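Please build the complete structure, drawing on both the sequences and the hints.
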Amino acid sequence: MTVSALLALSSVVVTVPIATADDDLRDKQRDARSDVRSAQEDLQESSRALAAAATRLREARAKLSGAQQRLGAAQAELVEARRLDLRMQARLEAAEARLARAQAALEVARERVRGQRADIGRLAASMYVNGDPSMMGLSVVLNSQDPAEATSQLNTVDSLMSRQDLTLDELRATRAAMVAEEAEVAAAKEAVAEQRAAAATNLSRSQELERQAAAARTEVASLVVGRRAAEAQAGRARAADAGQLRAAEQQAARIKRLILERAARQRGGVTGASGGFLARPVPGYVTSPYGYRIHPIYGYYGLHDGTDFHAPCGTPNVAVAAGTVISTAWSDVYGNRLYLDVGQVNGKNMTVVYNHLSSYAVGAGQRVGRGQVVGYAGTTGWSTACHLHFSVLLDGNPVDPMRYL
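If you use mature numbering (1 follows the signal peptide of the UniProt record, and there is no 0), the sequence shown corresponds to residues -21 to -1, 1 to 384, in order.
It should be emphasised that the hints constitute simulated quantities derived from the structure, not laboratory data. Be aware that one or more of the hints could be misleading.
To be verified - Cβ pair distances, simulated, as ranges:
no., residue 1, residue 2, range
1, Gly342, Ala41, 40 to 50 Å
2, Asp379, Gly293, 26 to 36 Å
3, Gln54, Gly214, 27 to 37 Å
4, Arg66, Arg215, 32 to 42 Å
Here the structure is a predicted model, which is why all the values come from computation and not from measurement. Even glycine gets a Cβ: it sits at the ideal position worked out from N, Cα and C.
Structure follows, in C-alpha coordinates:
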(Lines of atoms letter the chains of each structure in order from A and count residues from 1; the text may use other names and numbers.)
(Lines give C-alpha, C1' and ligand atoms only; values in the text may rest on other atoms or scores of the structure.)
Protein backbone atom coordinates (compact mmCIF):
# COMPACT_ATOMS: atom_id res chain seq x y z
CA MET A 1 0.00 0.00 0.00
CA THR A 2 1.32 3.44 -0.87
CA VAL A 3 1.52 6.54 1.32
CA SER A 4 -1.40 7.96 -0.70
CA ALA A 5 -3.49 4.95 0.20
CA LEU A 6 -2.62 5.25 3.88
CA LEU A 7 -3.60 8.91 3.90
CA ALA A 8 -6.75 8.09 2.02
CA LEU A 9 -7.68 5.55 4.65
CA SER A 10 -7.37 8.21 7.31
CA SER A 11 -9.63 10.39 5.14
CA VAL A 12 -12.19 7.64 4.70
CA VAL A 13 -12.31 7.28 8.44
CA VAL A 14 -13.43 10.89 8.67
CA THR A 15 -16.22 10.57 6.09
CA VAL A 16 -17.88 7.30 7.11
CA PRO A 17 -20.79 7.98 9.47
CA ILE A 18 -20.58 6.12 12.77
CA ALA A 19 -23.54 5.31 14.97
CA THR A 20 -23.57 7.26 18.19
CA ALA A 21 -24.08 4.10 20.20
CA ASP A 22 -20.99 2.46 18.75
CA ASP A 23 -18.47 4.28 20.93
CA ASP A 24 -16.03 1.40 20.88
CA LEU A 25 -15.71 1.44 17.09
CA ARG A 26 -15.42 5.25 17.11
CA ASP A 27 -12.55 4.98 19.58
CA LYS A 28 -10.91 2.34 17.43
CA GLN A 29 -11.31 4.59 14.40
CA ARG A 30 -9.76 7.53 16.24
CA ASP A 31 -6.87 5.39 17.46
CA ALA A 32 -6.39 3.88 14.02
CA ARG A 33 -6.33 7.31 12.39
CA SER A 34 -3.71 8.47 14.87
CA ASP A 35 -1.64 5.32 14.37
CA VAL A 36 -1.84 5.56 10.59
CA ARG A 37 -0.74 9.20 10.66
CA SER A 38 2.11 8.30 12.99
CA ALA A 39 3.12 5.43 10.74
CA GLN A 40 2.89 7.78 7.75
CA GLU A 41 5.21 10.30 9.40
CA ASP A 42 7.67 7.56 10.37
CA LEU A 43 7.50 6.15 6.88
CA GLN A 44 8.23 9.53 5.31
CA GLU A 45 11.12 10.12 7.71
CA SER A 46 12.47 6.67 6.91
CA SER A 47 12.12 7.37 3.20
CA ARG A 48 14.16 10.55 3.59
CA ALA A 49 16.84 8.61 5.46
CA LEU A 50 16.79 5.97 2.76
CA ALA A 51 17.00 8.59 0.02
CA ALA A 52 19.97 10.21 1.76
CA ALA A 53 21.63 6.82 2.27
CA ALA A 54 21.00 5.87 -1.35
CA THR A 55 22.51 9.17 -2.48
CA ARG A 56 25.59 8.60 -0.33
CA LEU A 57 25.87 5.08 -1.69
CA ARG A 58 25.70 6.30 -5.30
CA GLU A 59 28.29 8.97 -4.55
CA ALA A 60 30.56 6.45 -2.83
CA ARG A 61 30.31 4.06 -5.78
CA ALA A 62 31.01 6.87 -8.26
CA LYS A 63 34.01 8.08 -6.25
CA LEU A 64 35.30 4.53 -5.95
CA SER A 65 34.99 4.00 -9.70
CA GLY A 66 36.85 7.26 -10.36
CA ALA A 67 39.58 6.40 -7.86
CA GLN A 68 40.01 2.94 -9.39
CA GLN A 69 40.35 4.50 -12.84
CA ARG A 70 42.93 6.98 -11.55
CA LEU A 71 44.83 4.14 -9.88
CA GLY A 72 44.84 2.13 -13.10
CA ALA A 73 46.03 5.13 -15.11
CA ALA A 74 48.79 5.91 -12.59
CA GLN A 75 49.95 2.29 -12.57
CA ALA A 76 49.99 2.15 -16.39
CA GLU A 77 51.98 5.40 -16.57
CA LEU A 78 54.37 4.10 -13.92
CA VAL A 79 55.00 0.91 -15.92
CA GLU A 80 55.68 2.96 -19.05
CA ALA A 81 57.97 5.31 -17.10
CA ARG A 82 59.96 2.34 -15.82
CA ARG A 83 60.29 0.97 -19.36
CA LEU A 84 61.43 4.38 -20.56
CA ASP A 85 63.94 4.48 -17.71
CA LEU A 86 65.46 1.23 -18.97
CA ARG A 87 65.68 2.60 -22.52
CA MET A 88 67.23 5.83 -21.27
CA GLN A 89 69.76 3.91 -19.20
CA ALA A 90 70.78 1.97 -22.31
CA ARG A 91 71.13 5.22 -24.29
CA LEU A 92 73.20 6.76 -21.50
CA GLU A 93 75.51 3.75 -21.42
CA ALA A 94 75.91 3.92 -25.23
CA ALA A 95 76.67 7.65 -25.04
CA GLU A 96 79.24 7.08 -22.29
CA ALA A 97 80.88 4.29 -24.34
CA ARG A 98 81.04 6.61 -27.35
CA LEU A 99 82.65 9.28 -25.16
CA ALA A 100 85.24 6.79 -23.89
CA ARG A 101 86.12 5.76 -27.46
CA ALA A 102 86.39 9.36 -28.59
CA GLN A 103 88.60 10.27 -25.63
CA ALA A 104 90.88 7.27 -26.35
CA ALA A 105 91.15 8.22 -30.03
CA LEU A 106 91.93 11.80 -29.06
CA GLU A 107 94.70 10.66 -26.74
CA VAL A 108 96.20 8.54 -29.56
CA ALA A 109 96.10 11.56 -31.88
CA ARG A 110 97.76 13.74 -29.28
CA GLU A 111 100.51 11.13 -28.77
CA ARG A 112 101.17 11.04 -32.53
CA VAL A 113 101.35 14.83 -32.64
CA ARG A 114 103.85 14.78 -29.81
CA GLY A 115 106.02 12.22 -31.72
CA GLN A 116 105.82 14.14 -34.97
CA ARG A 117 106.76 17.35 -33.23
CA ALA A 118 109.80 15.57 -31.77
CA ASP A 119 110.83 14.47 -35.29
CA ILE A 120 110.47 18.01 -36.58
CA GLY A 121 112.55 19.24 -33.66
CA ARG A 122 115.33 16.86 -34.53
CA LEU A 123 115.20 17.95 -38.19
CA ALA A 124 115.34 21.56 -37.14
CA ALA A 125 118.40 20.86 -34.96
CA SER A 126 120.09 19.08 -37.89
CA MET A 127 119.37 22.01 -40.16
CA TYR A 128 120.81 24.35 -37.57
CA VAL A 129 124.03 22.31 -37.42
CA ASN A 130 124.37 21.37 -41.09
CA GLY A 131 122.51 24.21 -42.75
CA ASP A 132 119.54 24.43 -45.07
CA PRO A 133 119.32 21.23 -47.21
CA SER A 134 118.60 23.25 -50.34
CA MET A 135 121.71 25.32 -49.76
CA MET A 136 123.64 22.13 -49.00
CA GLY A 137 122.79 20.84 -52.48
CA LEU A 138 124.04 24.02 -54.10
CA SER A 139 127.26 23.82 -52.05
CA VAL A 140 127.82 20.22 -53.17
CA VAL A 141 127.48 21.18 -56.83
CA LEU A 142 129.85 24.10 -56.47
CA ASN A 143 132.54 22.46 -54.32
CA SER A 144 132.60 18.79 -55.40
CA GLN A 145 135.47 17.69 -57.69
CA ASP A 146 134.14 14.16 -58.16
CA PRO A 147 130.83 13.81 -60.10
CA ALA A 148 130.05 10.48 -58.45
CA GLU A 149 130.58 11.90 -54.99
CA ALA A 150 128.48 14.94 -55.91
CA THR A 151 125.63 12.70 -57.08
CA SER A 152 125.72 10.68 -53.84
CA GLN A 153 125.69 13.79 -51.72
CA LEU A 154 122.81 15.26 -53.75
CA ASN A 155 120.77 12.05 -53.21
CA THR A 156 121.36 12.36 -49.45
CA VAL A 157 120.20 15.96 -49.52
CA ASP A 158 117.05 15.01 -51.52
CA SER A 159 116.24 12.20 -49.05
CA LEU A 160 116.59 14.57 -46.12
CA MET A 161 114.31 17.13 -47.74
CA SER A 162 111.68 14.46 -48.63
CA ARG A 163 111.70 13.21 -45.05
CA GLN A 164 111.19 16.76 -43.81
CA ASP A 165 108.23 17.32 -46.16
CA LEU A 166 106.66 13.95 -45.21
CA THR A 167 106.98 14.67 -41.51
CA LEU A 168 105.32 18.05 -41.94
CA ASP A 169 102.49 16.54 -44.00
CA GLU A 170 101.92 13.84 -41.37
CA LEU A 171 101.86 16.46 -38.64
CA ARG A 172 99.25 18.50 -40.51
CA ALA A 173 97.09 15.38 -41.05
CA THR A 174 97.45 14.28 -37.45
CA ARG A 175 96.53 17.74 -36.18
CA ALA A 176 93.43 17.75 -38.41
CA ALA A 177 92.45 14.31 -37.06
CA MET A 178 93.01 15.54 -33.52
CA VAL A 179 90.69 18.49 -34.15
CA ALA A 180 88.02 16.04 -35.41
CA GLU A 181 88.50 13.81 -32.37
CA GLU A 182 88.18 16.82 -30.08
CA ALA A 183 84.88 17.70 -31.79
CA GLU A 184 83.69 14.10 -31.35
CA VAL A 185 84.61 14.19 -27.67
CA ALA A 186 82.68 17.44 -27.23
CA ALA A 187 79.63 15.97 -29.01
CA ALA A 188 79.84 12.80 -26.94
CA LYS A 189 80.05 14.80 -23.72
CA GLU A 190 76.96 16.79 -24.76
CA ALA A 191 75.07 13.57 -25.57
CA VAL A 192 75.99 12.11 -22.18
CA ALA A 193 74.81 15.28 -20.44
CA GLU A 194 71.49 15.21 -22.36
CA GLN A 195 70.89 11.54 -21.55
CA ARG A 196 71.69 12.10 -17.89
CA ALA A 197 69.28 15.06 -17.75
CA ALA A 198 66.55 13.04 -19.49
CA ALA A 199 67.13 10.12 -17.15
CA ALA A 200 66.95 12.43 -14.13
CA THR A 201 63.69 13.95 -15.41
CA ASN A 202 62.17 10.52 -16.01
CA LEU A 203 63.32 9.36 -12.59
CA SER A 204 61.60 12.35 -11.00
CA ARG A 205 58.43 11.59 -13.00
CA SER A 206 58.59 7.93 -11.99
CA GLN A 207 58.87 8.91 -8.34
CA GLU A 208 55.87 11.26 -8.69
CA LEU A 209 53.86 8.51 -10.41
CA GLU A 210 54.75 6.12 -7.61
CA ARG A 211 53.50 8.71 -5.13
CA GLN A 212 50.27 9.16 -7.11
CA ALA A 213 49.76 5.40 -7.35
CA ALA A 214 50.28 5.03 -3.60
CA ALA A 215 47.81 7.87 -2.94
CA ALA A 216 45.29 6.31 -5.34
CA ARG A 217 45.62 2.93 -3.61
CA THR A 218 45.01 4.61 -0.25
CA GLU A 219 42.00 6.47 -1.68
CA VAL A 220 40.55 3.27 -3.14
CA ALA A 221 40.95 1.46 0.18
CA SER A 222 39.25 4.33 2.02
CA LEU A 223 36.41 4.52 -0.50
CA VAL A 224 35.85 0.77 -0.28
CA VAL A 225 35.31 1.22 3.46
CA GLY A 226 33.04 4.21 2.78
CA ARG A 227 31.02 2.28 0.21
CA ARG A 228 30.51 -0.60 2.62
CA ALA A 229 29.39 1.83 5.32
CA ALA A 230 26.97 3.50 2.87
CA GLU A 231 25.61 0.11 1.80
CA ALA A 232 25.09 -0.86 5.43
CA GLN A 233 23.36 2.44 6.18
CA ALA A 234 21.12 2.09 3.13
CA GLY A 235 20.28 -1.45 4.16
CA ARG A 236 19.32 -0.37 7.68
CA ALA A 237 17.18 2.48 6.34
CA ARG A 238 15.51 0.14 3.84
CA ALA A 239 14.79 -2.45 6.52
CA ALA A 240 13.37 0.18 8.88
CA ASP A 241 11.24 1.63 6.09
CA ALA A 242 9.92 -1.77 5.07
CA GLY A 243 9.12 -2.71 8.68
CA GLN A 244 7.19 0.48 9.32
CA LEU A 245 5.34 0.13 6.04
CA ARG A 246 4.31 -3.45 6.82
CA ALA A 247 3.09 -2.49 10.29
CA ALA A 248 1.12 0.47 8.92
CA GLU A 249 -0.42 -1.64 6.16
CA GLN A 250 -1.45 -4.40 8.57
CA GLN A 251 -3.05 -1.99 11.00
CA ALA A 252 -4.72 0.00 8.23
CA ALA A 253 -6.10 -3.19 6.70
CA ARG A 254 -7.70 -4.26 9.99
CA ILE A 255 -9.34 -0.89 10.59
CA LYS A 256 -10.33 -0.58 6.94
CA ARG A 257 -12.31 -3.83 7.20
CA LEU A 258 -14.19 -2.49 10.23
CA ILE A 259 -14.88 0.81 8.49
CA LEU A 260 -16.11 -0.84 5.30
CA GLU A 261 -18.37 -3.16 7.26
CA ARG A 262 -20.02 -0.17 8.95
CA ALA A 263 -20.13 1.81 5.71
CA ALA A 264 -21.77 -1.08 3.82
CA ARG A 265 -24.59 -1.25 6.33
CA GLN A 266 -25.23 2.49 6.08
CA ARG A 267 -24.83 3.07 2.32
CA GLY A 268 -27.84 3.68 0.14
CA GLY A 269 -28.15 3.08 -3.59
CA VAL A 270 -25.41 2.43 -6.08
CA THR A 271 -24.23 5.02 -8.59
CA GLY A 272 -22.69 3.67 -11.77
CA ALA A 273 -19.88 5.66 -13.37
CA SER A 274 -16.96 5.17 -15.72
CA GLY A 275 -14.97 7.25 -18.21
CA GLY A 276 -15.97 10.91 -18.28
CA PHE A 277 -17.49 10.86 -14.82
CA LEU A 278 -14.80 13.27 -13.61
CA ALA A 279 -13.70 16.54 -15.19
CA ARG A 280 -10.00 17.14 -15.79
CA PRO A 281 -8.37 18.76 -12.74
CA VAL A 282 -6.02 20.91 -14.89
CA PRO A 283 -5.84 21.54 -18.65
CA GLY A 284 -2.25 20.26 -18.96
CA TYR A 285 -1.09 17.07 -20.62
CA VAL A 286 -0.06 13.84 -18.85
CA THR A 287 3.65 13.72 -17.97
CA SER A 288 3.70 10.44 -16.03
CA PRO A 289 0.86 7.92 -16.09
CA TYR A 290 -0.52 5.72 -13.36
CA GLY A 291 1.09 2.28 -13.27
CA TYR A 292 3.97 0.14 -12.16
CA ARG A 293 7.56 1.25 -12.62
CA ILE A 294 11.00 0.98 -11.00
CA HIS A 295 11.06 2.83 -7.68
CA PRO A 296 13.79 5.52 -7.81
CA ILE A 297 14.93 4.83 -4.21
CA TYR A 298 14.14 1.20 -3.46
CA GLY A 299 14.86 -0.10 -6.93
CA TYR A 300 11.89 -2.45 -6.89
CA TYR A 301 9.05 -2.62 -9.40
CA GLY A 302 6.34 -0.57 -7.65
CA LEU A 303 3.11 1.32 -8.25
CA HIS A 304 3.01 4.98 -9.21
CA ASP A 305 -0.40 5.54 -7.63
CA GLY A 306 -1.56 8.57 -9.59
CA THR A 307 -1.32 10.52 -12.83
CA ASP A 308 1.09 13.45 -13.16
CA PHE A 309 -0.18 16.43 -15.18
CA HIS A 310 1.83 19.30 -16.60
CA ALA A 311 0.81 22.34 -14.55
CA PRO A 312 2.98 25.47 -14.32
CA CYS A 313 3.29 27.05 -10.90
CA GLY A 314 0.04 28.74 -9.87
CA THR A 315 -2.20 26.86 -12.33
CA PRO A 316 -5.73 26.59 -10.83
CA ASN A 317 -6.74 23.05 -9.82
CA VAL A 318 -10.50 22.52 -10.11
CA ALA A 319 -12.90 20.09 -8.48
CA VAL A 320 -13.36 17.14 -10.83
CA ALA A 321 -16.87 16.64 -9.42
CA ALA A 322 -19.09 18.13 -6.76
CA GLY A 323 -18.16 16.95 -3.31
CA THR A 324 -16.90 17.71 0.17
CA VAL A 325 -13.35 18.63 1.12
CA ILE A 326 -12.50 16.14 3.84
CA SER A 327 -8.90 17.14 4.49
CA THR A 328 -6.19 19.64 3.62
CA ALA A 329 -2.94 18.25 5.02
CA TRP A 330 0.82 18.61 4.66
CA SER A 331 3.01 15.67 3.66
CA ASP A 332 6.78 15.72 3.45
CA VAL A 333 6.49 13.54 0.38
CA TYR A 334 3.45 15.04 -1.36
CA GLY A 335 3.57 18.57 0.04
CA ASN A 336 0.20 20.32 0.37
CA ARG A 337 -2.53 17.70 -0.22
CA LEU A 338 -6.26 18.09 -0.63
CA TYR A 339 -8.78 15.23 -0.28
CA LEU A 340 -12.15 15.64 -1.97
CA ASP A 341 -14.95 13.11 -1.33
CA VAL A 342 -17.06 12.97 -4.50
CA GLY A 343 -19.51 10.26 -3.39
CA GLN A 344 -20.07 6.68 -4.46
CA VAL A 345 -19.17 4.92 -7.68
CA ASN A 346 -20.62 1.46 -8.21
CA GLY A 347 -21.11 1.12 -4.50
CA LYS A 348 -17.62 2.30 -3.57
CA ASN A 349 -16.63 5.55 -1.97
CA MET A 350 -14.52 7.71 -4.30
CA THR A 351 -11.97 10.17 -2.97
CA VAL A 352 -9.72 12.24 -5.22
CA VAL A 353 -6.40 13.66 -4.02
CA TYR A 354 -4.53 16.76 -5.24
CA ASN A 355 -0.78 16.74 -4.41
CA HIS A 356 2.13 19.24 -4.40
CA LEU A 357 -0.21 22.27 -4.24
CA SER A 358 1.32 25.67 -3.62
CA SER A 359 -1.80 26.79 -1.71
CA TYR A 360 -5.46 25.98 -1.07
CA ALA A 361 -8.55 27.84 -2.31
CA VAL A 362 -10.96 25.93 -0.03
CA GLY A 363 -10.89 24.40 3.45
CA ALA A 364 -11.74 21.10 5.12
CA GLY A 365 -15.50 20.50 5.48
CA GLN A 366 -16.36 22.86 2.62
CA ARG A 367 -18.82 21.76 -0.07
CA VAL A 368 -17.58 22.56 -3.61
CA GLY A 369 -19.13 22.45 -7.05
CA ARG A 370 -17.79 20.76 -10.17
CA GLY A 371 -15.18 23.01 -11.83
CA GLN A 372 -14.65 25.17 -8.73
CA VAL A 373 -11.02 26.09 -7.98
CA VAL A 374 -9.79 24.15 -4.95
CA GLY A 375 -6.06 24.97 -5.04
CA TYR A 376 -3.08 26.00 -7.14
CA ALA A 377 -0.28 23.96 -8.68
CA GLY A 378 3.09 23.99 -6.94
CA THR A 379 6.21 21.97 -6.25
CA THR A 380 5.90 21.29 -2.51
CA GLY A 381 7.12 18.03 -0.99
CA TRP A 382 9.24 15.63 -3.02
CA SER A 383 8.99 17.45 -6.32
CA THR A 384 11.50 18.90 -8.75
CA ALA A 385 9.10 21.10 -10.74
CA CYS A 386 5.57 22.44 -10.55
CA HIS A 387 3.00 19.83 -11.56
CA LEU A 388 -0.11 18.04 -10.28
CA HIS A 389 0.06 14.48 -8.96
CA PHE A 390 -3.63 13.47 -9.10
CA SER A 391 -4.88 10.30 -7.41
CA VAL A 392 -8.26 8.54 -7.36
CA LEU A 393 -9.11 6.20 -4.46
CA LEU A 394 -12.02 3.73 -4.37
CA ASP A 395 -12.64 2.73 -0.76
CA GLY A 396 -9.08 3.85 -0.06
CA ASN A 397 -7.46 1.84 -2.86
CA PRO A 398 -5.67 3.69 -5.69
CA VAL A 399 -7.00 3.19 -9.21
CA ASP A 400 -6.06 4.63 -12.59
CA PRO A 401 -7.51 8.18 -12.70
CA MET A 402 -7.75 8.09 -16.50
CA ARG A 403 -10.54 5.49 -16.24
CA TYR A 404 -12.80 8.21 -14.83
CA LEU A 405 -11.58 11.41 -16.51
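Status of the hints after comparison with the structure:
{"no.": "1", "hint": "Gly342 <-> Ala41: 40 to 50 Å", "verdict": "holds, 47 Å"}
{"no.": "2", "hint": "Asp379 <-> Gly293: 26 to 36 Å", "verdict": "holds, 27 Å"}
{"no.": "3", "hint": "Gln54 <-> Gly214: 27 to 37 Å", "verdict": "holds, 33 Å"}
{"no.": "4", "hint": "Arg66 <-> Arg215: 32 to 42 Å", "verdict": "violated, 55 Å"}
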